[in-house]
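Participant: Taken in order, these protein sequences are the chains called A and B.
Take the first sequence: its position 118, counted from the start at 1, is 118 in our numbering, and no numbers get skipped.
Take the second sequence: its position 15, counted from the start at 1, is 15 in our numbering, and no numbers get skipped.
By construction, these hints were calculated from the structure, which means they are not laboratory data.
Certain hints may be false.
No distinction is drawn between identical chains; accordingly, a pair holds when it is met within one copy or between any pair of copies.
[Unchecked claim] Lysine-lysine pairs mimicking DSS-like chemistry, simulated, CA-CA at most 30 angstroms apart:
1. K97 / K117
2. K97 / K7
3. K7 / K107
4. K107 / K117
5. K54 / K7
6. K54 / K107
7. K97 / K54
8. K104 / K117
In case you want the letters, here they are:
Number of protein chains: 2
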Amino acid sequence: MNEERPKIELGRHVILEMYECSPRLLDDEAAVREAMVEAVRRANGNVCGVFFHKFNPQGITGVVVISESHVSIHTWPEHGYAAVDVFTCGERMDPWKACEYLIKRFKPLNVNVLEIKRGVLPRRATCMLGDLHE
Amino acid sequence: MNEERPKIELGRHVILEMYECSPRLLDDEAAVREAMVEAVRRANGNVCGVFFHKFNPQGITGVVVISESHVSIHTWPEHGYAAVDVFTCGERMDPWKACEYLIKRFKPLNVNVLEIKRGVLPRRATCMLGDLHE
Numbered sequence: 001m002n003e004e005r006p007k008i009e010l011g012r013h014v015i016l017e018m019y020e021c022s023p024r025l026l027d028d029e030a031a032v033r034e035a036m037v038e039a040v041r042r043a044n045g046n047v048c049g050v051f052f053h054k055f056n057p058q059g060i061t062g063v064v065v066i067s068e069s070h071v072s073i074h075t076w077p078e079h080g081y082a083a084v085d086v087f088t089c090g091e092r093m094d095p096w097k098a099c100e101y102l103i104k105r106f107k108p109l110n111v112n113v114l115e116i117k118r119g120v121l122p123r124r125a126t127c128m129l130g131d132l133h134e
Numbered sequence: 001m002n003e004e005r006p007k008i009e010l011g012r013h014v015i016l017e018m019y020e021c022s023p024r025l026l027d028d029e030a031a032v033r034e035a036m037v038e039a040v041r042r043a044n045g046n047v048c049g050v051f052f053h054k055f056n057p058q059g060i061t062g063v064v065v066i067s068e069s070h071v072s073i074h075t076w077p078e079h080g081y082a083a084v085d086v087f088t089c090g091e092r093m094d095p096w097k098a099c100e101y102l103i104k105r106f107k108p109l110n111v112n113v114l115e116i117k118r119g120v121l122p123r124r125a126t127c128m129l130g131d132l133h134e
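Model the full structure from these sequences, guided by the hints.
Facilitator: What follows is the structure in structure tokens.
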């Protein structure tokens, strides 16, 4: 595997499932917001806008819109579960740094992570993968 | 396959890759915003907040925060590409209706779609999948 290959994707999207978190933390809007903004900062993202909403009786939705795309969270305190998405583009921001920080903050006992390459332009991918096979 | 089985997931997340769209449309903030809000309406979502940002020299980022989670778009007009996420929870909203509408509006010549179940609680999944195997 050639790690130096040019990127075939326009964006990187890390999907983070955090299970068995503290229900109290997942329902604390200020704490969740602060953690999300700090995660963006540590991953070298540039904040364009922050939108959080607390549901009744429980649960929080939050989106941090960044120059590099977005970072979002939806929490289900009653299940100890939070769904996080870290969608970035460009070289400057590292989505995994945001995830690492959020895991440290939310301390889930069970985690699932998946990275999806977004915007793998068909023509470009064909050319690049063709090169790899030469 | 029993279509009547109880849901093991808390959320449904449809990842829509739209290639070969009109670059002009992908850079038209008002049109993109209107399409996204209308997609939410047609899918039976409830809007909590709308945040759009236009980049210089081109590209748009938009997030519609909904009671059912979020719908986002990031466009790369220079590549004719848009990355859409439709994340929903509950029975009322159908993420695929939002995708169908966006495809009609953006008319991509090439599309890729993936649905991910979010929040498949380990304990609940084990019980339910156990039932299916009986």
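Participant: Run every hint past the structure and note whether it holds.
Facilitator: Here is how each hint holds up against the structure:
1. In the homo-oligomer, the alpha carbons of K97 and K117 lie at most 30 angstroms apart both inside one protomer (17 angstroms) and across protomers (24 angstroms), since each shortest distance falls under that limit.
2. Taking CA atoms no more than 30 angstroms apart as the test, K97 paired with K7 passes inside one copy only; the shortest distance there is 19 angstroms, against 32 angstroms between copies.
3. In this homomeric assembly, K7 and K107 come within 30 angstroms of each other (Cα to Cα) only across copies, at 26 angstroms, whereas the closest approach inside a single copy is 32 angstroms.
4. Taking the shortest alpha-carbon separations for K107 and K117, both the intra-copy value of 26 angstroms and the inter-copy value of 22 angstroms come in at or below 30 angstroms.
5. With identical chains, the CA atoms of K54 and K7 are at most 30 angstroms apart between copies only, with a shortest distance of 24 angstroms across copies and 38 angstroms within one.
6. Proximity of K54 to K107 under the C-alpha cut-off of 30 angstroms is restricted to the intra-copy arrangement: shortest distance 21 angstroms within a copy versus 35 angstroms between copies.
7. For the homomeric pair K97 and K54, the shortest alpha-carbon distances inside one copy (26 angstroms) and between copies (26 angstroms) are both at most 30 angstroms.
8. Taking the closest pair of Cα atoms, K104 and K117 come within 30 angstroms of each other both inside a single copy (24 angstroms) and across two copies (24 angstroms).
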